[in-house]
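Construct the complete structure from the given sequences, taking the supplied hints into account.
Note that the protein sequences, when read in sequence, are chains A and B.
In this text, residue positions in the first sequence follow this note's numbering: the first is 1, and each later residue adds one.
In this text, residue positions in the second sequence follow this note's numbering: the first is 1, and each later residue adds one.
Note that these hints are calculated values from the structure, not bench results.
Incorrect hints may have been included.
A pair holds if it fits inside one copy or across any two, identical chains being indistinguishable in the list.
[Said to hold, decoys possible] In the SDA-like style, the derived pairs of lysine to any residue whose C-alpha atoms are separated by at most 20 angstroms in a straight line are:
id, residue 1, residue 2
1, LYS126, ASP209
2, LYS217, GLU266
3, LYS27, HIS235
4, LYS27, THR255
5, LYS292, GLY228
6, LYS53, PHE284
7, LYS206, ASP237
8, LYS53, HIS199
9, LYS248, GLN264
10, LYS27, ASP229
11, LYS245, LEU219
12, LYS69, LYS203
There are 2 protein chains.
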Amino acid sequence: MQNSIKKIAITGGTHGNELTGVYLINKFTTNPKIIHRDSFKTISMHTNLGAMKQCTRYVDKDLNRTFSKAALADDTLTSYEDKLAKEINQKIGPKGSKDSNIDFIMDLHTTTSSMGLSICISSTDKLTWQAAAYAKDKLPELNIFRWQGDTDDAAFVSSIPPRGFTIEVGPIPQGVLRADVFIGTENIVHTVLDFFELHNTGKLDKHYDSVEIYDYKKLVDFPRNESGDIVAMIHPDLQDDGYKKIDKGDPLFMTLDGESVNYQDEDTAHALFVNEAAYYEKGFAMCLTEKKLISLEF
Amino acid sequence: MQNSIKKIAITGGTHGNELTGVYLINKFTTNPKIIHRDSFKTISMHTNLGAMKQCTRYVDKDLNRTFSKAALADDTLTSYEDKLAKEINQKIGPKGSKDSNIDFIMDLHTTTSSMGLSICISSTDKLTWQAAAYAKDKLPELNIFRWQGDTDDAAFVSSIPPRGFTIEVGPIPQGVLRADVFIGTENIVHTVLDFFELHNTGKLDKHYDSVEIYDYKKLVDFPRNESGDIVAMIHPDLQDDGYKKIDKGDPLFMTLDGESVNYQDEDTAHALFVNEAAYYEKGFAMCLTEKKLISLEF
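Here it is, written out as structure tokens:
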């Protein structure tokens, strides 16, 4: 069949302190039957053993921002993650090749933000979007976030094979396992594997014309003083309410002294990745998005 | 007045990724009036700037296990935290001295565990227990955990002055600020400062004969395989229910395959520090305690 998928990779531990992916890969490698489907081969692998060993996000730099074509071609980049990226690219790429070793990838992540079950897609590949739309159809609580900020040369692990996306589930602290997050993430994995089994065997009973997404608009940093120190926290109204609709005047932050800091823009937004621990150092407190229905007939 | 308290220290950042304490100290040092009381002097300080800078629990070792008298006297211990401990001991100690620079300390911590507002006490000092009992009287949701595992030579920051305790609030991920946890922790601080103001000025209208506590029984590790890898997670029934009562047969863990692992002991326990991220490397999943009323007439 046209576009049949022959080999899928499930990866975890890209961020070594996001234990859900680490332990799901342990589960899948211990008992590969769980992720077996008849019409394609599935491999599961840890991507960043160094970061996993020390239970940190990374050793030298964020592995999930290290897969631009330029970085992969640059032999002068010799950090732990830069070298690792080149190894991973050989295993599940090479990136940009029509003869990639892997046809589709799911990279398993978690977040301290109240994101529920989420898929983050940078790809413009039609089949990838059909897989995401199928997953949302089967798991209605699933949210799809489109991030095309660096589509031309996406630097994520999930950008290596021609198709794929990142799974993000939360809230969960770094360095912690939670049964609900573990089970929820595994459910997404199985649903997507089922999609490709149906696709490969011509048994898909539905084509998705459109899907609801949260489309990237901009990043918002914490209020800071002149020294760069954070002087306000995420407002309690926003803290535990993932994908919350934000209108002008709604509170975004609360200063350490208890004053509200409100949203000033005219356009409605939905807030994602609110209070993700790893983004404090990157300089943002949340990502604002536009909720929309997009056509999949592109 | 007998036993009057002249100088109190509030410390935060002992674990550099527990941001609530870090930012409360920022707030107090920016505006010391907040923690001013007329009858004593209060200082606020960060204890582990190195760990704070890299947003990790510690640089070389856990600072909050580095204050045994033996370690403080051992000049051959030269790790970052061992050297730091000696500096801190000079500032707010010296430990064991009747002429300590500080009379009472509150060291501010957080946990990924669902512990609510908690005070952890190792001290056997009467006035320290009166302060805790007062705080529980004013803040009924507060819980008191007694840890006397290393009372003879407690190694916590809070063991340096003759009186003091650790404040633990959660759940909150490492590396994250939450307004509710921030406000809750500050409420405990103010309540305890108020206690000492009333104590010093002879205006305390109540003496506490007894208080309800959770008394340390034992630590329980995660189920592990022969390689030492964790093979089960905290059971969902226990995950978000701090101080939960556990009887024989109640589920403690869920294996990665979904099987329950149950509590086998005959005696009832209450589970604390369930799923604290920092304790994965220490080898325990929870602390079991006995809920009891203890006399304060010792």
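Hint-by-hint comparison with the structure:
In this assembly of identical chains, the alpha carbons of LYS126 and ASP209 lie at most 20 angstroms apart only when taken from the same copy (11 angstroms versus 71 angstroms across copies). Within a single copy, LYS217 and GLU266 get their C-alpha atoms as close as 13 angstroms, which meets the 20 angstroms cut-off; across copies the closest is 57 angstroms, which misses it. Taking CA atoms no more than 20 angstroms apart as the test, LYS27 paired with HIS235 passes between copies only; the shortest distance there is 17 angstroms, against 38 angstroms inside one copy. For the homomeric pair LYS27 and THR255, the shortest alpha-carbon distance between copies (10 angstroms) is at most 20 angstroms, but the shortest distance inside one copy (43 angstroms) is not.
Neither within a single protomer nor between protomers do LYS292 and GLY228 lie at most 20 angstroms apart by alpha-carbon distance, with minima of 35 angstroms and 47 angstroms respectively. Taking the shortest Cα distances, LYS53 and PHE284 sit within 20 angstroms of each other only across copies (18 angstroms), while inside one copy they are farther apart (27 angstroms). In the homo-oligomer, the alpha carbons of LYS206 and ASP237 never lie at most 20 angstroms apart, since the shortest distance is 39 angstroms inside one protomer and 38 angstroms across protomers. In this assembly of identical chains, the alpha carbons of LYS53 and HIS199 never lie at most 20 angstroms apart, being 38 angstroms within a copy and 50 angstroms across copies at closest.
Taking CA atoms no more than 20 angstroms apart as the test, LYS248 paired with GLN264 passes inside one copy only; the shortest distance there is 5 angstroms, against 55 angstroms between copies. When the C-alpha separation of LYS27 and ASP229 is checked against a cutoff of 20 angstroms, the pair qualifies only between copies, where the shortest distance is 11 angstroms, while the shortest distance within a copy is 41 angstroms. Taking the closest pair of Cα atoms, LYS245 and LEU219 come within 20 angstroms of each other only inside a single copy of the chain (15 angstroms); across copies the shortest separation is 43 angstroms, beyond that limit. Within a single copy, LYS69 and LYS203 get their C-alpha atoms no closer than 36 angstroms, and across copies no closer than 71 angstroms, so neither meets the 20 angstroms cut-off.
When the structure is compared with the earlier hints, violations turn up for hints 5, 7, 8, 12 and for no others.
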